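When you get a sec, could you build the whole thing from the sequences and use the hints?
Protein chains: 2
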Amino acid sequence: MNDSGLLIVVSGPSGAGKGTICSALREQFPNIQYSISMTTRKPRPGEVDGVNYYFADNARFEQLLAEDAFLEHAKVYDHYYGTPKKYVYQMLEEGKHVMLEIDIQGAMQVKKRYPQGVFIYIVPPSRDVLEKRLRGRQTDSDDVIAGRLAKARAELDWIDRYDYVIVNDELEKAVDEAASILKAEQCKVTRNAHRIAHTKELYK
Amino acid sequence: MNDSGLLIVVSGPSGAGKGTICSALREQFPNIQYSISMTTRKPRPGEVDGVNYYFADNARFEQLLAEDAFLEHAKVYDHYYGTPKKYVYQMLEEGKHVMLEIDIQGAMQVKKRYPQGVFIYIVPPSRDVLEKRLRGRQTDSDDVIAGRLAKARAELDWIDRYDYVIVNDELEKAVDEAASILKAEQCKVTRNAHRIAHTKELYK
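Taken in sequence, the protein lines are chains W and Y.
Counting from 1, one number per residue, gives the positions in the first sequence under UniProt numbering.
Counting from 1, one number per residue, gives the positions in the second sequence under UniProt numbering.
Keep in mind that the hints were calculated from the coordinates and are not lab data.
Among these hints, one or two may not hold up.
No distinction is drawn between identical chains; accordingly, a pair holds when it is met within one copy or between any pair of copies.
Taking lysine to any residue pairs in the SDA-like style, the calculated list, with each CA pair at most 20 Å apart, reads [to be verified]: (1) K132 with G147; (2) K188 with G17; (3) K173 with L25; (4) K183 with F29; (5) K200 with G147; (6) K200 with S14; (7) K86 with T39; (8) K86 with N58; (9) K188 with E170; (10) K204 with L149; (11) K151 with R133; (12) K200 with E170; (13) K173 with K188; (14) K111 with Y87; (15) K75 with L65; (16) K204 with S126; (17) K151 with H198; (18) K200 with V129; (19) K200 with Y53; (20) K204 with A154.
Bear in mind the structure is a predicted one, so any value in this text is a computation, not a measurement.
Structure follows, in C-alpha cells:
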C-alpha cells in the first residue's frame with residue numbers, strides 16, 4: 001500500500017505565470033500526471049480521444065453530470081468541459097500527483113469534492129507589473145487588457161479560499177516556492193499514514 | 001504592519017540529525033532567531049544572563065509558572081528549564097522565526113499554547129540505521145544505546161501529533177525537506193493576511 005498522491009490545483013489571473021510555473025513543476029516532479037478533460041466540442045485535426053481530451057456527446061456528458069462524475073465542469077460557448085473524477089482518483093490512489101491549472105470557479109468546485117487537495121493561487125505583485133506583462137505579450141488589445149486587469153483585481157478576494165499564495169515577483173523564487181509547497185505537502189503527517197506505519201515496522 | 005513569523009518546533013530521537021538539520025536551516029534562513037531559555041541552575045563559567053540563559057531563582061521561576069508565562073517547561077534533576085513566552089512572542093510579532101529543538105513533552109506543551117506553530121518530527125528510517133548512527137558517535141555505552149532505541153520506538157506513536165514528518169535517510173534530502181516546509185508555511189494564505197492586503201492595495 002502507498003499513500004495517496006497530491007491533487008494540486010493552481011489558479012491565478014492571465015499573466016500570473018501559471019503556465020511557466022506548472023511546466024517547471026512537471027520537470028522537477030516526474031510523478032505529476034496530466035489530467036485529461038472531457039468535452040462535448042468536436043475533435044480538432046490531430047486531437048486523439050483519451051489523449052488530448054475524452055470526447056463525448058451532450059447526452060453522455062449530461063448523464064455523467066447527473067451522476068456527479070466530475071471534479072469540476074463548465075459550459076463555454078455551448079460546449080461542456082469537465083474533469084472526470086474517475087481517472088484523477090485512480091492516479092491519486094496509485095500515489096501519483098495530478099495537477100489542474102483551472103480558474104477560480106473550477107477550483108471551488110474541486111475544493112467542495114476534494115478538500116484535501118493543495119490549492120495554490122499565483123498572483124503578480126501589482127497591477128502595474130501585471131499590465132506590463134500583458135502588454136509585453138503583444139497579443140491582447142487595450143480593451144482585453146483592461147478587462148483582464150479588472151478581473152485580476154476582483155479575483156483577489158478569492159485568495160482566502162486557497163491554501164497557499166505565491167506572489168510571482170521573480171520567476172525563479174516563485175518556482176522554488178511552488179516546488180517547496182509540493183515537497184512540504186509530501187511531508188505532511190496526515191498524508192503519510194502508510195509511510196509512518198511502514199517506519200514503525202522497521203523499529204520492531 | 002507585517003505578518004507573524006513562524007514558531008518552528010523540531011523534535012525527534014537522539015541520533016535523528018535534528019542538530020545538523022536545524023543548523024542548516026539557520027544558515028538558509030537568517031530570519032530564524034534563537035530562543036533563550038530560563039533556568040534555575042547556576043550559571044557555568046562564561047555563561048551570560050540573557051545570552052545563554054535567563055538565570056532565575058526557584059521563587060521567581062515558580063511565580064512565572066503560576067502566571068503561565070512559559071511556552072513549555074520541565075524540571076530536570078531539581079532544576080527548572082523553560083521557554084518564556086514574552087521574548088518568543090515579541091520576535092514572532094516582529095516577523096522573525098523562532099526555532100525550538102525540544103522533546104515531545106515540551107512540544108506538546110507548546111502546541112497547546114501556540115497551535116499555529118509548525119511542528120516537525122525527524123526520524124531515522126529504521127532502528128538499524130539509528131543504532132548504527134548512535135554506535136558511530138562512540139559516546140554512549142551499550143546500555144545507553146539500548147535505552148535510546150527503546151525510547152525512539154516508543155515515541156513513534158507521537159508522530160501523529162506533529163504537522164510534518166521527515167524521514168532522515170539522506171541528510172541532504174532531509175535538509176531540503178525541512179527548508180521546503182518553512183518556505184511553504186511562509187506561503188500559507190492564513191499566514192499572509194497583511195501581505196495579501198498590501199497586494200490588494202497595489203491593484204487599486
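Hints and how they fare:
1. In this assembly of identical chains, the alpha carbons of K132 and G147 lie at most 20 Å apart only when taken from the same copy (14 Å versus 63 Å across copies).
2. In the homo-oligomer, the alpha carbons of K188 and G17 lie at most 20 Å apart only across protomers (19 Å), although the nearest pairing inside one protomer, at 27 Å, exceeds that limit.
3. Taking identical chains as interchangeable, the C-alpha atoms of K173 and L25 lie at most 20 Å apart whether they share a chain (13 Å) or sit on different chains (17 Å).
4. For the identical chains of this complex, K183 and F29 are neighbours both inside a copy (10 Å) and across copies (17 Å), given an alpha-carbon limit of 20 Å.
5. Taking identical chains as interchangeable, the C-alpha atoms of K200 and G147 lie at most 20 Å apart only when they sit on different chains, with a minimum of 17 Å there against 55 Å within one chain.
6. Taking CA atoms no more than 20 Å apart as the test, K200 paired with S14 passes between copies only; the shortest distance there is 17 Å, against 46 Å inside one copy.
7. Taking CA atoms no more than 20 Å apart as the test, K86 paired with T39 passes inside one copy only; the shortest distance there is 15 Å, against 58 Å between copies.
8. When the C-alpha separation of K86 and N58 is checked against a cutoff of 20 Å, the pair qualifies only within one copy, where the shortest distance is 19 Å, while the shortest distance between copies is 64 Å.
9. Taking CA atoms no more than 20 Å apart as the test, K188 paired with E170 passes between copies only; the shortest distance there is 18 Å, against 27 Å inside one copy.
10. In this homomeric assembly, K204 and L149 come within 20 Å of each other (Cα to Cα) only across copies, at 10 Å, whereas the closest approach inside a single copy is 59 Å.
11. In this assembly of identical chains, the alpha carbons of K151 and R133 lie at most 20 Å apart only when taken from the same copy (15 Å versus 56 Å across copies).
12. For the homomeric pair K200 and E170, the shortest alpha-carbon distance between copies (18 Å) is at most 20 Å, but the shortest distance inside one copy (42 Å) is not.
13. For a Cα distance limit of 20 Å, the shortest separation of K173 from K188 across copies, 15 Å, qualifies, whereas the shortest one inside one copy, 22 Å, does not.
14. Proximity of K111 and Y87 under a CA criterion of 20 Å is satisfied intra-copy only: 17 Å inside one chain copy versus 39 Å between copies.
15. In this homomeric assembly, K75 and L65 come within 20 Å of each other (Cα to Cα) only inside a single copy, at 12 Å, whereas the closest approach across copies is 62 Å.
16. For the homomeric pair K204 and S126, the shortest alpha-carbon distance between copies (9 Å) is at most 20 Å, but the shortest distance inside one copy (55 Å) is not.
17. Taking CA atoms no more than 20 Å apart as the test, K151 paired with H198 passes between copies only; the shortest distance there is 18 Å, against 48 Å inside one copy.
18. In this homomeric assembly, K200 and V129 come within 20 Å of each other (Cα to Cα) only across copies, at 13 Å, whereas the closest approach inside a single copy is 50 Å.
19. Taking identical chains as interchangeable, the C-alpha atoms of K200 and Y53 are never at most 20 Å apart, the minima being 43 Å within one chain and 37 Å between chains.
20. For the homomeric pair K204 and A154, the shortest alpha-carbon distance between copies (10 Å) is at most 20 Å, but the shortest distance inside one copy (56 Å) is not.
In the structure shown, a violation is registered for the earlier hint numbered 19 alone.
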